[in-house]
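Trainee: Let the sequences and hints guide you as you build the complete structure.
Those letters in the sequence shown? Residues 2 to 216, by our numbering.
To be clear, the hints were calculated from the coordinates, so they are not data collected in a lab.
Do not rely on the hints blindly, as some may be mistaken.
[Said to hold, decoys possible] Keeping only pairs whose Cα atoms sit at most 20 Å apart, straight-line, the calculated DMTMM-like set for lysine to aspartate or glutamate is: (1) Lys212 x Glu176; (2) Lys186 x Glu176; (3) Lys186 x Glu135; (4) Lys212 x Glu24; (5) Lys186 x Asp157; (6) Lys25 x Asp15; (7) Lys25 x Glu135; (8) Lys174 x Asp146.
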Amino acid sequence: MASQLDHLVLGCADLTRGSAWLEKFLGVTLGDVGTHPTMGTHNRLLSLGPDCYLELIAVDAAVAPPTPRWFGLDTADVRERIAQRPRLIGWVARTTDIVGLSEATGGTLGTVLNMARGHFQWRITNPTDGYPIEGGLIPHMIQWDVPIHPCERLPDHGLRFTWMEAAHPNPAKVEYLLGELGLAKRLVITSSPPYSGMTMCAYIQTPAGTKTLMS
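Mentor: Shown next, in the form of structure tokens:
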């Protein structure tokens, strides 16, 4: 069952401050603010090419969701990591059969949620406790239920996703799980961090050169 990268998820403690940091870091302007009332989060998007994008996401303190927020945003671990600046906290891959994929993996991905905002409707997997699987190395899976992908509505600033790498104590485990999701070799896994203290990196080509987003 083939899947592909849909978007990278960059978490921040405050959306306004995080937006200022990211716009300066990449030299571009982010899209408008969007909200997820069901999850108590808000975000801004940025195109990384014709088929994937970057999502900057933060807790929306004005909303108290009935369940744990996605991407571990309610956990002390993730909150500590994003306290100083935005950090890569996960990624999302898309499929055309999210129900079949969820069933085939025995519920490992968590619950399939129905979501909607504006022109968009989608289904996405989310662990029951909201904590990313294997620290975010295993993606949330998404199926868009509309003909137009968000990338088609985002301005192209010339940014392009190139590749991702990550470290894990048991690379074979992560590689196996990615293979089960149709994502074999989409993430380069090693047992040694690519940077000191970092476990996941994504490389973005910009008009000013390659930029690295780190966990």
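Trainee: Each of the hints needs a verdict: does it hold here or not?
Mentor: Here is what the structure says about each hint:
For the given pair, Lys212 sits about 25 Å from Glu176 by alpha-carbon distance, which is inconsistent with the 20 Å threshold. This hinted pair checks out: Lys186 and Glu176 have alpha carbons roughly 8 Å apart, not beyond 20 Å. A hinted pair counts as satisfied when its Cα atoms are at most 20 Å apart, and Lys186 with Glu135 qualifies at roughly 16 Å. Taking the CA atoms of Lys212 and Glu24, the gap is about 12 Å. The hint holds against a cut of 20 Å.
Distance check on the hinted pair: Lys186 and Asp157 sit about 27 Å apart at the alpha-carbon level, beyond 20 Å; violated. For a cut-off of 20 Å, the pair hint linking Lys25 to Asp15 stands: about 16 Å separates their Cα positions. Restraint check: the Cα-Cα separation between Lys25 and Glu135 comes to about 30 Å, which exceeds 20 Å; the hinted pair is violated. In summary, the hint linking Lys174 to Asp146 is not supported, as the alpha carbons are separated by about 31 Å, beyond the 20 Å threshold.
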